[in-house]
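Top to bottom, those sequences are chains Y and D. Following the working numbering, the residues of the first sequence are numbered contiguously, the last one being 256. Following the working numbering, the residues of the second sequence are numbered contiguously, the last one being 397.
Treat the hints loosely; a few may be bogus.
What the hints assert, rightly or not - Derived coverage of chain Y by chain D (criterion: at least 3 residues anywhere in the stretch with Cβ under 8 Å from a Cβ of chain D; other residues may be distant):
1) 10-21
2) 160-166
3) 227-240
Claimed, not checked - Some, not all, of what chain Y presents toward chain D, calculated at C-beta under 8 Å:
4) L61
5) R88
6) L111
7) A112
8) L115
9) A116
10) S120
What the hints assert, rightly or not - Residues from chain D that keep clear of chain Y, each with C-beta distances beyond 10 Å, as calculated:
11) G133
12) F151
13) P216
14) A229
15) Q293
16) R298
17) R318
I should point out that these hints are in silico values taken from the structure, not numbers from a laboratory. C-beta atoms are modelled at their ideal positions from N, C-alpha and C, and glycine is treated no differently.
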Amino acid sequence: MSQALFLEGVRKSFGTLEVLRGVDLAVDNHEVVCLIGASGSGKSTLLRCVNLLEPIDAGRIVVEGVDITARGVDVNRIRRRIGIVFQAYNLFPHMSVLRNVTLAPRLALGLSAAQASEQALGLLGRFGLAEKANDYPDSLSGGQQQRVAIVRALAMQPDLMLLDEVTSALDPELVAEVLEVIRELAAGGMTMVIATHEMSFARDIADRVCFLDAGVILEQGPPAQILSEPREPRTQQFLQRIIEAGRL
Amino acid sequence: MAGESRRRSDPALDGRRSRILGSLTSGAEGRRGALIATFSTVVVFTLLALLVTHAPGWPEVKKTFFDWGQFKDSLPDIARAFLLNVKIFCISEAFILVFALLLAVIRSLPGPAALPLRILGIAYADFFRGVPTILVIAMLGFGAPALQLQGVPLSTTFWGIVALVLVYTAYVSEVYRAGIESVHPSQAAAARSLGLTHWQSLRTVVLPQAVRRVIPPLLNDFIGLQKDTALVGFLGSVEAFKQSQIDAAATFNYTSYVAAALLFVALTVPLARFTDWLVLRDRRRRQATGT
Chain Y
9 MSQALFLEGV RKSFGTLEVL RGVDLAVDNH EVVCLIGASG SGKSTLLRCV NLLEPIDAGR
69 IVVEGVDITA RGVDVNRIRR RIGIVFQAYN LFPHMSVLRN VTLAPRLALG LSAAQASEQA
129 LGLLGRFGLA EKANDYPDSL SGGQQQRVAI VRALAMQPDL MLLDEVTSAL DPELVAEVLE
189 VIRELAAGGM TMVIATHEMS FARDIADRVC FLDAGVILEQ GPPAQILSEP REPRTQQFLQ
249 RIIEAGRL
Chain D
107 MAGESRRRSD PALDGRRSRI LGSLTSGAEG RRGALIATFS TVVVFTLLAL LVTHAPGWPE
167 VKKTFFDWGQ FKDSLPDIAR AFLLNVKIFC ISEAFILVFA LLLAVIRSLP GPAALPLRIL
227 GIAYADFFRG VPTILVIAML GFGAPALQLQ GVPLSTTFWG IVALVLVYTA YVSEVYRAGI
287 ESVHPSQAAA ARSLGLTHWQ SLRTVVLPQA VRRVIPPLLN DFIGLQKDTA LVGFLGSVEA
347 FKQSQIDAAA TFNYTSYVAA ALLFVALTVP LARFTDWLVL RDRRRRQATG T
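Bound-form chain D, shown alone (with noise of 0.2 Å):
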């Protein structure tokens, strides 16, 4: 507990305990630092609606994009619509997880004979970080199905979640690799001393170490991920950008796409404020251990 304490007392920790309110510290001088923050961020945030309330054109913004007839109007539909937005989101990213930690030990295989396999992955990698999301999703969304092969599914939404998969395993095996290279070679070389194979090796002493690092940078691109689903909107299955985008067709005001916009932002803050957290949480071990 005595690092607890120490810790806490430690002002330069304390300035990176909260990124929203500073370093407060207590007693009198905390006080007063309180006071001082809370009348700031008052004056700054009422000057801040003040002027964007009376800029020239305000009233013209509100009723297009901030009208609450319209918000109440359309938010039950795109609600509805997001929780595709949720599906697709969910099934991705049990594959990307998966594919990506596959792809990720491919590359870092052993050996002459693995040659080919690490090209084919870095290729894979490079080619699928390289091309644009949204060209991969019209590319397979309305191209796979154009094949009229039986036995292809002509559904708009599988395609999306492949081409989001296809993507995302490219971007994500690098965070595994990231994290896999992190692990010092002395502990793969302990495990191998012990007569450990590199399978078991990597299973039980890299892989559980390296995936652990890399949770918060792991989840930094779930948010990236959460957005690019409102891409496969574009191919027309009626996601929530596809629902506002239907709202705002038929009444010429783009409230549903701030409603659609609110919805992304409410599952993605918590997530971001989730990864700050265990960033910051994994930072303090690591300093209270001293490594």
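Isolated chain Y, as found in the complex (with noise of 0.2 Å):
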């Protein structure tokens, strides 16, 4: 299998606070890596620097064989192959759902504006969202949101998909239409680093789960070994609040 994503030594601070503190990460092509760790352990800032949100001040991170920090390389392309989702959804409000996810299609990728549609409505037809096309954000549920979200990214066809806590904001009854989406993905073939909170949907859908700590990937491995018998302690810790919060 081909190497999707590499990440060696990534560094990253905010001023003086430290997030990211060398961390080293291998996802292979049609890999699931779900990041589980507590909040403030760097697992959105991660994901931020992987699109280049976020520029990272010491390491290499290399996607599809293009080490992406390098100087001088063209920013929007890289981002265009990389789709990520966020937690608060960040849907364009003053667009229609059509519009929202035919936008960078149009205007990143040249697409007419017929094939676009034409695309788009493919897209929110597969997530059971196609007669919301013509509806504004507003007037969609968080898991609406969140989906047409999800269909706004893929609209860009990346290699990649990078999504961040996508079901923290939502309501519970609402989450399981979103792990649903997340699931037909990875049944799809797509690589995928998500960081989450839902331990059994890690557990269900990921390759592979890591821990991150206090801005280094602890521990790694298979779901079932990581969460039924995690080596350090600090995962043991991790998990065994988790439990008590009625989560796993």
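If you follow the hints, you should be able to join the two separate chains into one complex; please do so.
Structure below.
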């Protein structure tokens, strides 16, 4: 299997706070990697760095064999190949669902309006959102909005999807519909890096689970091993707290 | 529609429904309220009218400022001259809206390479917000024609418009900039994460939201501009203020000023009410969606 994503010694500080302290991670094509860890452990920052939304201080990020942290790379070209979905959906509130989805394919990929619409309607239909195409985001439920955000990222036909706690802002009864969409993506062979607090979901979907603690990947392996028999005391502690909160 | 009725019955919101009528609710309670409101309004205004008209010196004031004959004589000329104010307003506004947006965008450019542009933008805004408008108008209106350079227009109205555009561009760009900054960074992040360039994200995602939010304060600046068109009369262009000055000088009666004032008010009041209405509508909409 060829490598979709390769991180080496990635460091990132915000002021004096060092959020990432040398992260190494390799993700193969069609692999689904879940990042778990406490809030503030650096999961979101890591994903934002891979998308180049945050410049890194040290290290290397390689996507499909191209070092995207090298000087002089075309940031916009790289971002088109990496889809990211945020916790707070970040849909464009002044545009209909259809325009949210077609905007980037038209502007960044140069698709005609007709081509972009056709593709978008196909994707929206696939995820049960066809009749919402002309609605505005604020008239949609949180689950629907997040599904639209996923469709919006998919419309760019990315090689890699980054999902940043996409169910954390949702009411519990809306979580399932979003997870269903992600399952379908995984079944379709999409390479994904998923930051999540949904441990049972991670166990289900992940090929590999990485436990982030204080800015490093402390432990990684198959979900069964990490979630059931973690070696590191910090991982055991974290999972113990999750179990006490009734989320595993 | 459930939301509609809930909003209507919320007294806190009803209180803001109309600043003029206050919180008049329907039903028996409301009828009593309306009665009291009408009564108190009539009493207060009658008292005020009596107080003014019975004040010592009122006949003099009336003759000097509120002479009906003078008013009728001077109004047609002033109204004609007022068309020039409207023209100055419309032409300046068109340029201001475009230039101010440009200036605001320049000031929001990212990256170290754009620093000189940002400095220029800041210097411009600081300078023209700091200098009195009348000074800029005098400087350009008297100074530029005095250069006697070929191709430089001599029209005072032209230079008046240029001065207003220069000054108001600085103000309005601040309004736009506030709007741009009010759009949450996550919106730009979402746009950039999809592979849009900075410019594309600004044009399609940030600016449309920013402009929508600042329409009320923009209109507020329009009201200021509408009034400041009178400053161009200082250069000699015969607009409403200058015309009323001419009439006053000829008759030693100042009713013509009142006539000009009424014309300005007639134009600004609808705009002010429209602005209020927009602000109210915006607030209701935000409360309805709960954000």
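Verification of the hints:
no., hint, in the structure
1, 10-21, "violated (count 0)"
2, 160-166, "holds (count 3)"
3, 227-240, "violated (count 0)"
4, L61, "6 Å, holds"
5, R88, "3 Å, holds"
6, L111, "6 Å, holds"
7, A112, "4 Å, holds"
8, L115, "5 Å, holds"
9, A116, "4 Å, holds"
10, S120, "17 Å, violated"
11, G133, "33 Å, holds"
12, F151, "45 Å, holds"
13, P216, "12 Å, holds"
14, A229, "29 Å, holds"
15, Q293, "6 Å, violated"
16, R298, "7 Å, violated"
17, R318, "7 Å, violated"
In summary, the numbered hints that this structure violates are 1, 3, 10, 15, 16, 17.
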